[in-house]
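> Since the structure of chain A is already known, use the hints to place chains B and C on it.
Chains as they are written, first to last, in numbering that gives the first Met the number 0: chain A, 0 to 342; chain B, 0 to 179; chain C, 0 to 526.
Hints were generated in silico from the structure; no laboratory data involved.
Be aware that a few hints might be false.
As the list claims (entries may be wrong) - Think about it this way: if two alpha-carbon atoms lie no more than 20 Å apart in a straight line, the pair counts; the simulated SDA-like pairs of lysine to any residue are: (1) 443(C) <-> 8(A); (2) 485(C) <-> 499(C); (3) 443(C) <-> 172(B); (4) 443(C) <-> 341(A); (5) 443(C) <-> 342(A); (6) 90(B) <-> 405(C); (7) 90(B) <-> 406(C); (8) 443(C) <-> 176(B).
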Amino acid sequence: MNRVFPTGTAPHLPAPPTVAGVMGQVLLALIPGIATYTWFFGPGVLVQILLASGFALVFEALALRWRGRPLQPFISDGSAVVTAVLFALCIPPLAPWWVAAIGMAFAIGLAKHLYGGLGQNPFNPAMVGYVVALICIPAAMTQWLAPREIAELVPGLAATLQAIFTGALPEPLTVDAVTRATPLDSLKTGVEAGRFVIEIRQSPIFGDFGGRGWEWIANAYALGGLWLVYRRIITWHVPVAVIGSVMALSLPAWLLDPGANPEPLQHVFSGGLVLGAFFIATDPVSGCASPRGRLIFGAGVGIITLVIRRWGGYPDGVAFGVLLMNMAAPLIDRYTRPRVYGR
Amino acid sequence: MLIPLIVFLVFGLVFGLVLGWTARRFRVESDPVVDQIDALLPQTQCAQCGFPGCRPYAEAIARGEADINQCPPGGEAGIRALADLLGRDPKPLNPENGEEQPRRVAVIDEAACIGCTLCIQACPVDAIVGAAKLMHTVIEDECTGCDLCLPPCPVDCIDMVEPEPAFSDWRRPAPGEATS
Amino acid sequence: MIDESKVVVGEHLHRFPGGLRLRHNKRVACRHAVARPALPTQLAVPMLQQAGPPAEPVVDVGDTVLKGQLIGADPSGLGARVHAPTSGTIVAVDDGPISHVTGQPGMRVVIDTDGRDQWTTLDPVDDWRTEDPATLRAHIDMAGVVGLGGAVFPTFRKVDGAHAAGIHTLIVNGAECEPWIACDEMLMREHPRRVVTGTRVLMRASGADEAVIAIEDQMGAVQSALEQAAAELGDNQVRIVRIPTIYPEGGERQLIQTLTGREVPAGGLPQDLGVLVQNVATVEAARAAIIEGKPMIERHVTVTGDGVAEPRNWLALLGTPVAHLVAASGGYTSAAQRLVIGGPMMGYALGRDDAPLVKAGNCILVLTENNVRPTQPEMPCIRCGECSRVCPARLMPQELQFFIRSGQLDAATDISLEACIECGCCDFVCPSHIPLAEWFRHGKAEARHLARERAFADHSRERHQAREARLAEARAEKEARMARRKEKLGNDAERKRQVARAIERARAAKEKSSTPDTTEKDKGGES
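Here chain A stands alone, though its shape is the one from the complex (with noise of 0.2 Å):
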């Protein structure tokens, strides 16, 4: 008459959401983003987008065995492929394939495995692997395409990998071809040199309100970021506060002396700032964890990097701007605690 039953713990079933699941849903939003960026740079950036996640993989397959963690589920959970992914949009696609392994070591095996591993990293581990490359190897990182149309040749894929992988750049380009300035580095060279914001813009390079063909890409991520917050895989704190401070800012710098700054939109549409404001500094894990923690977290990210760009020695510190806030986070959490019901 007794039947008996093996017991479990309320709630009686299982949540709906996956971490692979969400680490896929953040690798979709990304593909108008990579889609545009192929269109007018060339399939550079997915060639390094398939060296980095391999050497990804690799590099957390072996930090796992070296811990003593099983590979699954841990190998499967997408977050590496996130990482590698987002470090691949930030190098120039025409980078050695060497910057990608070692971006990736410092990112996988330093600032992710080191502090514990998924969900301990107080760092954002992409950023932490841009940084790591632009300061170790400044000149591979330097090697900036110029965009489709004005362009001499946008390389094919054969061109690509010759150049990633033997460092022998196709013809007709020149050295001097690859290591064209970006529009960012344009204005700092030029500001620096004296000369007027909208002089500056007069270049090809410039597009209609930031750079030319850049400004399409941050529109593309943007689209995806947006669909994003609204599969609630990020909320709309950071994005807002990164893009809102940035042009909050710029704005009176520009209306004082529109010699030496540009306008909020060349702001917003240049660099990485789209791509940061919804991607990278919307990391969970090295972010602030409450809804006024992450508006100050975005603003901080947005006023250092304005502040880098005017004054600093990058062209941009989008990256820099991340991993100071990451540094911030666990005191703003702590400050920022919603008031509980109550109390």
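Okay, now just chains B and C, sitting in the frame of chain A:
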């Protein structure tokens, strides 16, 4: 040469005065650390730590004469709490002081008791009632399980037993732990 | 102590933070009308069916009892009484399964039913409209009525406290928010007049001027049934309010927040806001206790889930074995895997189906392998923040679980662990599939245990210090006495005199004993 010297002297004076004033103005009256340590000890008064009670042990820790891992009734949780309080690293319980055990209470075998009152004199929390040549018994709710009543008893009529678990004593296990 | 700025309850609806929209799964159990299952051959009635101390049995093995007769008394007044659900003979008063959330066995009274279902004499109130409210409340106490929404708090104490606090509005909680459960909905659909009458009776007993019956917005038929019943009874004091179906809007605090926009202060009670919340089945039970004099011996229960062949609602006697109810509902399907008493979000799993139906048993939910199988092993927290987005208490579950896992219970208490209502919303949205609600239940239990240990340690310290003080005083007194005597003897001349006297006494004694005296025996008591 003179101007920088004067400037630094003035800075030194000004900041020294500011620091002195803030030290007075924002002084914090804190508990003596001995009270704070004693508040974390289980008050079993068993002397397994090597000191004649919990308060002497707390004082010894404060003086730096004793380590924080000498208290078996406090167990690992107690060591961790002391470590947090004093800013040290927690360490395993020193096996020379004893083992962590579930709480036990003393029970007197009434048939064998001779009414000598030696156990009553030994109990640090007066948990034994009785009088000379009359029955002695342990009040279970007050007994801390310190074992100090066992050695003095001339007829060895005291046993340490685990108390009957009450319904409200059930400990919900952490997720993944087996149920007890 | 009432909040003077009175809010008209339910006039405007507010939104509580967080919450989830879940699939109801209620239709399947509502296809049949409520019926009574066949009388079981044996009922095992637990003594602990309420929040508070267990009842104490007042019957012995071999006694015959009538339906509604008292079998468990409440001498402390902090618990609730228990009554025999049907007539029969007591065959055991012992420990056994009592369907308790901790899974522990407990005291129960086992009755072999005689099939006659014979009532004991009942004592209804003559006219509740004119009766003293204190008498109405006393009837609720005599009947052993407890909260049937799941918390099983003794209703008498709750209503008594509310009356003393001077509440103005009674909120009847018909917002049955957990999926699968439909017993309250069926009660309101089939007996709307009883619900409205019960509401008015409880208004009088609690001193409320107004009443609101809150129902979910997907219960359209229920609203019209209740409004029609109110019209038929000529009532204009009871209002029906539909609230949005967002789990857990049926939780007491969330319901109050929805209807008034106010939060119950930490450490306070709803009566501090001038409201009293009672589950609709509790209201009906209070009506039965007062108007019919019937004690609480049965309840509506939904037997449902993919693991049951014919889900439906029953009006079942307390103490009925769960297996009997499942059998009456077509038995288990082949995929039945887990037996839960309660709902899928907050119910607890039973290890055996001979467990009895208790006052807290609003649903018997049998789930299948597909329902409960995890789709991913537990992974580390990725700090996505979804858990705090859905938390109705605005807590930070990720921080709480970090603290509890690492044993920092004081830190968890500092960030308000005790405000957690264990609704399970955080579990449902966690991509890492961390069993958050279970961690919080564990953490709260450990925090309570730690508090008890600390209280015992403080108590022991006091006793020890008192003992030390007593011994020190005794020692001091002894030393003072010694000092005094020493001082006295320290005086040389005095000492010499004492010594001389002592010698004299000794010599006198010696002389007396050396001279033989035949009448020695007659001299008594000289030395």
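> Confirm or reject each hint.
Checked hints:
1. 443(C) <-> 8(A): 16 Å, holds
2. 485(C) <-> 499(C): 18 Å, holds
3. 443(C) <-> 172(B): This hinted pair holds, its Cα atoms lying about 11 Å apart.
4. 443(C) <-> 341(A): 18 Å, holds
5. 443(C) <-> 342(A): 18 Å, holds
6. 90(B) <-> 405(C): This hinted pair holds, its Cα atoms lying about 15 Å apart.
7. 90(B) <-> 406(C): 15 Å, holds
8. 443(C) <-> 176(B): 16 Å, holds
Going down the numbered hints, you'll see the structure goes against none, and every one checks out.
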